[in-house]
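Engineer: For the sequence shown, this note's numbering assigns the number 72 to the initial residue and increments by one for each residue that follows.
The set of hints was computed from the structure by calculation and includes no laboratory data.
Worth double-checking, as some hints may not be accurate.
Claimed, not checked - As a list, the in silico EDC-like pairs of lysine to aspartate or glutamate whose alpha-carbon atoms are at most 20 Å apart:
(1) Lys92 <-> Asp110
(2) Lys90 <-> Asp106
(3) Lys90 <-> Glu102
(4) Lys95 <-> Asp106
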Amino acid sequence: MGAPELTGQENTLQTHQLKMKVIKTMEAISEVLQDLRFDAEFVE
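Using the sequences plus the hints, can you model the full thing?
Structural biologist: Listed below in structure tokens is the structure:
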């Protein structure tokens, strides 16, 4: 019972959605890292 095959269009849509999720996740991580850097500088 494997996963049903995706059509090319569905696969493209899923790939696009996944890319957008990755980009949003990277942006969120970047914000957290900037906050940590700011906090570290503030403590010094």
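Engineer: Determine for every hint whether it applies to the structure shown.
Structural biologist: Results for each hint:
Our distance criterion of 20 Å between C-alpha atoms is broken by Lys92 and Asp110, whose separation comes to about 27 Å. Note on Lys90 and Asp106: the hinted pairing is violated, with a Cα-Cα distance of about 24 Å set against a maximum of 20 Å. The suggested pairing of Lys90 with Glu102 holds, with an alpha-carbon distance near 18 Å, which does not exceed 20 Å. Of the supplied pair hints, the one linking Lys95 and Asp106 holds, its CA atoms being roughly 17 Å apart against a limit of 20 Å.
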